[in-house]
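Since the structure of chain A is provided, determine the placement of chains B and C on it from the hints.
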Amino acid sequence: MSPLLDVNGVTISYGDVEVVHPLSFSVDRGEVLGIVGESGSGKTSVGLGMIGLLPRNGRATGEVMFEGRNLLAMSTGELRRIRRRSISVIMQNPAKALDPCYTVGAQFVEILRLREPMSRRAARAEAEQRLRQVGIAAPAHRLKAYPHELSGGMAQRVMVALCLATNPSLLVADEPTSALDVTIQAQILELLKSVIADLSGAVAIITHDFGIVAQLCTKVCVMNAGRIVEAGPVADVFAAPQHEYTRHLLSLLPGHLHHDDQTRPARDEAESPI
Amino acid sequence: MIKSPTPLLQLTNVHKAYPVAQGLGRRLRREQRRVARAVDEVSLTIEPGQSVGIVGESGSGKTTVARMILGLVEPTSGRVVFEGRDVTHVPHAQRRRLGRDIQGVFQDPYSSLDPRQRVRQIIREPLDIHRIGTSAERDMRVRELMDQVALPRRYLHSYPHELSGGLRQRVGIATALAVGPKLIVADEPVSALDVSVQAQILTLLSEIREQTGISIVFISHDLAAVADVCDSIAVMCLGRVVESGPTRQVYQRPRHPYTQALLSAVLPTDPATPYRPIKLVGDPPSPLEPLTGCVFRSRCGQAEAICAELTPQATDFGDGQHASCHVAARILAPR
Amino acid sequence: MSLVATGQLRPDAGPASGPPPARRTRRRLNPSLVVGGGLGLLLLLVALIGPLVCSYDPNAVDASAALHGPSGSHLLGTDELGRDMFIRLADGYRAAFEIGAGTVAFGLLIGVPLGLLAASAGSITDNIIMRVLDVLLAFPALILAVLVVTIIGAGEGALILAIGIAYTPVIARVMRGSAMATRRETFIDAARSRGAGTLRIALRHTLPNSVGPLIVQASIFVGVAVLLGAGMSFVGLGVRPPTPDLGLMLASGRDYMTTSPWVVIVPAAAIMLFALAFTLLGDGLQTWFDPQRAR
Numbered sequence: 001m002s003p004l005l006d007v008n009g010v011t012i013s014y015g016d017v018e019v020v021h022p023l024s025f026s027v028d029r030g031e032v033l034g035i036v037g038e039s040g041s042g043k044t045s046v047g048l049g050m051i052g053l054l055p056r057n058g059r060a061t062g063e064v065m066f067e068g069r070n071l072l073a074m075s076t077g078e079l080r081r082i083r084r085r086s087i088s089v090i091m092q093n094p095a096k097a098l099d100p101c102y103t104v105g106a107q108f109v110e111i112l113r114l115r116e117p118m119s120r121r122a123a124r125a126e127a128e129q130r131l132r133q134v135g136i137a138a139p140a141h142r143l144k145a146y147p148h149e150l151s152g153g154m155a156q157r158v159m160v161a162l163c164l165a166t167n168p169s170l171l172v173a174d175e176p177t178s179a180l181d182v183t184i185q186a187q188i189l190e191l192l193k194s195v196i197a198d199l200s201g202a203v204a205i206i207t208h209d210f211g212i213v214a215q216l217c218t219k220v221c222v223m224n225a226g227r228i229v230e231a232g233p234v235a236d237v238f239a240a241p242q243h244e245y246t247r248h249l250l251s252l253l254p255g256h257l258h259h260d261d262q263t264r265p266a267r268d269e270a271e272s273p274i
Numbered sequence: 001m002i003k004s005p006t007p008l009l010q011l012t013n014v015h016k017a018y019p020v021a022q023g024l025g026r027r028l029r030r031e032q033r034r035v036a037r038a039v040d041e042v043s044l045t046i047e048p049g050q051s052v053g054i055v056g057e058s059g060s061g062k063t064t065v066a067r068m069i070l071g072l073v074e075p076t077s078g079r080v081v082f083e084g085r086d087v088t089h090v091p092h093a094q095r096r097r098l099g100r101d102i103q104g105v106f107q108d109p110y111s112s113l114d115p116r117q118r119v120r121q122i123i124r125e126p127l128d129i130h131r132i133g134t135s136a137e138r139d140m141r142v143r144e145l146m147d148q149v150a151l152p153r154r155y156l157h158s159y160p161h162e163l164s165g166g167l168r169q170r171v172g173i174a175t176a177l178a179v180g181p182k183l184i185v186a187d188e189p190v191s192a193l194d195v196s197v198q199a200q201i202l203t204l205l206s207e208i209r210e211q212t213g214i215s216i217v218f219i220s221h222d223l224a225a226v227a228d229v230c231d232s233i234a235v236m237c238l239g240r241v242v243e244s245g246p247t248r249q250v251y252q253r254p255r256h257p258y259t260q261a262l263l264s265a266v267l268p269t270d271p272a273t274p275y276r277p278i279k280l281v282g283d284p285p286s287p288l289e290p291l292t293g294c295v296f297r298s299r300c301g302q303a304e305a306i307c308a309e310l311t312p313q314a315t316d317f318g319d320g321q322h323a324s325c326h327v328a329a330r331i332l333a334p335r
Numbered sequence: 001m002s003l004v005a006t007g008q009l010r011p012d013a014g015p016a017s018g019p020p021p022a023r024r025t026r027r028r029l030n031p032s033l034v035v036g037g038g039l040g041l042l043l044l045l046v047a048l049i050g051p052l053v054c055s056y057d058p059n060a061v062d063a064s065a066a067l068h069g070p071s072g073s074h075l076l077g078t079d080e081l082g083r084d085m086f087i088r089l090a091d092g093y094r095a096a097f098e099i100g101a102g103t104v105a106f107g108l109l110i111g112v113p114l115g116l117l118a119a120s121a122g123s124i125t126d127n128i129i130m131r132v133l134d135v136l137l138a139f140p141a142l143i144l145a146v147l148v149v150t151i152i153g154a155g156e157g158a159l160i161l162a163i164g165i166a167y168t169p170v171i172a173r174v175m176r177g178s179a180m181a182t183r184r185e186t187f188i189d190a191a192r193s194r195g196a197g198t199l200r201i202a203l204r205h206t207l208p209n210s211v212g213p214l215i216v217q218a219s220i221f222v223g224v225a226v227l228l229g230a231g232m233s234f235v236g237l238g239v240r241p242p243t244p245d246l247g248l249m250l251a252s253g254r255d256y257m258t259t260s261p262w263v264v265i266v267p268a269a270a271i272m273l274f275a276l277a278f279t280l281l282g283d284g285l286q287t288w289f290d291p292q293r294a295r
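Residue numbers (the numbering used here), protein chains in the order written: chain A, 1 to 274; chain B, 1 to 335; chain C, 1 to 295.
Bound-form chain A, shown alone (with noise of 0.2 Å):
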């Protein structure tokens, strides 16, 4: 069977100036792809470069199949359609993804109807189980706030709920964890891990975040100046990473501040590595 997503020979290039060398990946149904990298890596041009989203003097070369089809010949329209039902992509930044003028319900309501014909109060109350799913608590009175007036962690779970309305069949996530606090960054990658149980397609998340990966991702491409340095799955990447890069930035990783809470016994001084 082939993968969902089969990514060929893609360059992307801004200007004159090529940022992503020729490079390759696939991504199978139920499988969570991390492309991970520092900033400059160009992981982030890929990650929106396959789906079309790529600022205005961008570029990409190359294949990009999807569901059969290549993304990178379609025509704007196309893509649009495609956007709206089959690929949804969760946002850095889950406040300015939102349009500030409109409230929450309204536009969850609008994406709902471009999905399908329904009724607005019909979408209503889909919003809500929706909100609901995602851990909101009062998600009817959620709906009727505005992107501004909530916090980040509520934004980022709304977005989610949003990209998760069109049942899509690839989820991309860009950095969706980087502008939030440590202890809401913990509670939406658990909500992130009981969504992508749930899909039955496939997920592509950029983060720059090894310990992300880790949780989350099922394979993992390593990016270096614009490219893959390293490919593979992630239990395999982590227990024997072949690069030098890989090595090295595994290397700088804490993951060793776990510590027990009061209830459980405190640590061996010699296990700890501080």
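It should be emphasised that the hints constitute simulated quantities derived from the structure, not laboratory data.
Each hint should be verified, as a subset may be incorrect.
To be verified - Covered stretches of chain B, going by a simulated chain C footprint (3 or more residues, C-beta under 8 Å): (1) 70-81; (2) 120-133; (3) 209-222.
Claimed, not checked - One side only, chain B facing chain A, incomplete, derived with CB under 10 Å: (4) L193; (5) I278; (6) S298.
Beta carbons are placed, not taken as given, at the ideal position from N, Cα and C, and that holds for glycine.
What follows is chains B and C alone, placed relative to chain A:
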């Protein structure tokens, strides 16, 4: 820890409240002016040569504390004492002298350097302000500083926008070191940098500390970054210090539920390790409507009735670790 | 393993060290900038070189040559008093540049320090300054200028003063806005924390970084000032004859519009080109500054 007779810096019960602009309706009704309590009863002591980390999330007040130490903000009440001198309300003229002893390194390397000045001018400026040495001596000092922070000399005449984030932060550190301060306040110095560069800058700060014995106040939301540079740590939540103590100790046996939650939220990097962050309920409350009692109680899984009535005071858990929590304090209560 | 790397990598090796530093991008000249700048230069050239290539005296009255159309001997024809239009045009441009430069210099000299002071000195000073300027801004520029001229009397100097007073509040306001935005930047805080005084911060840090919008404004201002000046001269409140002025030429030529249109077309087109040049230049400068600001 041997306490020297005079701590370098001492904050005692410092408050900072910002009045909130009120609409006409409220003013007409003569409602009490609402205040946002950015910093609430914070006390902190820094010994010479010590490095203290202040961690917290957004809204914790850690940045306000940093700005108070740097003299950019005056506390609403409380005292700030530097080397035994009360510097809480310092008239502007004397601020300059303090500026020699306390210097800052700021978060955003992209906006903390004057884009119109070259590196040489930026690093030189503190020397010019405080009129140290002759012009030639100042230039030599600039070169020395660049060497000290491993900033290649060829960048002497570059503009900030020509440098990467890591290099810019080195410029910031060099500038802070220029006049030989006794205390450096680093406000999220590596948060805007890539992971590999963060490590380099943190190493640099540690080295400088070892070489010069400068005290460092390190503000961050990143627990891991703080771990390597700071001997002791203070955890802030909604304007209050909820836990403090030697870093290693606090990380291994956190007493306050908030510290526990923060530590548990750090992602493990081994895919095999389960991620079990302590669940916090809901969102942080608004600083405009502060809660009675413990600031953390609305999100705390261990909150009890007393937490709503009484603000917890700091309990000594031994070896310099303090935490302000009723539930945690009960462990120490004699049976 | 310790978080801190053991210095294996060169500092900031390659792109993995943070967002790529802004390359010294060659600032691309945009059409507005080129056209506006080019046109402005051309007009300046006309003003400076005109008298050198054309030997007519702009004030020489020669009734026999009155109202001749454009020809070999008179490139742009003659006006009702037989004066050569081209040389009057050149002279008029010279005056226009003088007025433009004079009013801008006045506006900047007074407006920039006022704006900087308002932004730097604290809210009471800010309020006082801005409220006074608000009063001036409440008057349409023309009315204000007319008021000044009525008090002082007409003439080129008075015109410069009048228009300058009318537009100084605008410059001050732009300066203030730009300075306030700059002051919120971290490097200002950093300087303050290092002990820099208000004056040093204002002059060495705030001012140089707030200059962009000001340059744009000043450029547009030149065009607008000349427009206003021409208008005032047209109604007789600006420069008085025989001082050359495009507005005056327009006024006196009005009566001959139907019979000898060039007498009106030349000054009208001249004014328009001048205003166009500087407005385009201002627009182009704004676009030119913008990409640099966006880091």
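In terms of beta carbon proximity below 8 Å, does the region 70-81 of chain B have 3 or more residues touching chain C?
Check passed, 3 qualifying residues.
Interface hint outcome for L193(B) [beta carbon to chain A under 10 Å]:
holds, 9 Å
Count residues of the region 120-133 of chain B with a Cβ under 8 Å from any Cβ of chain C, then say if the count reaches three.
As far as the region 120-133 of chain B goes, the hint holds, because 4 residues have Cβ atoms under 8 Å from chain C.
Hint validation: S298(B) versus chain A, beta carbon distance must be below 10 Å. Holds or violated?
violated, 13 Å
Go through the hint on I278(B) and say holds or violated, using the shortest Cβ distance to chain A against 10 Å.
Given a least distance of 7 Å, the restraint on I278(B) holds.
With a Cβ-Cβ cutoff of 8 Å, does the region 209-222 of chain B contain at least three residues near chain C?
As far as the region 209-222 of chain B goes, the hint is violated, because 0 residues have Cβ atoms under 8 Å from chain C.
When each numbered hint is compared with the structure, violations occur for hints 3 and 6.
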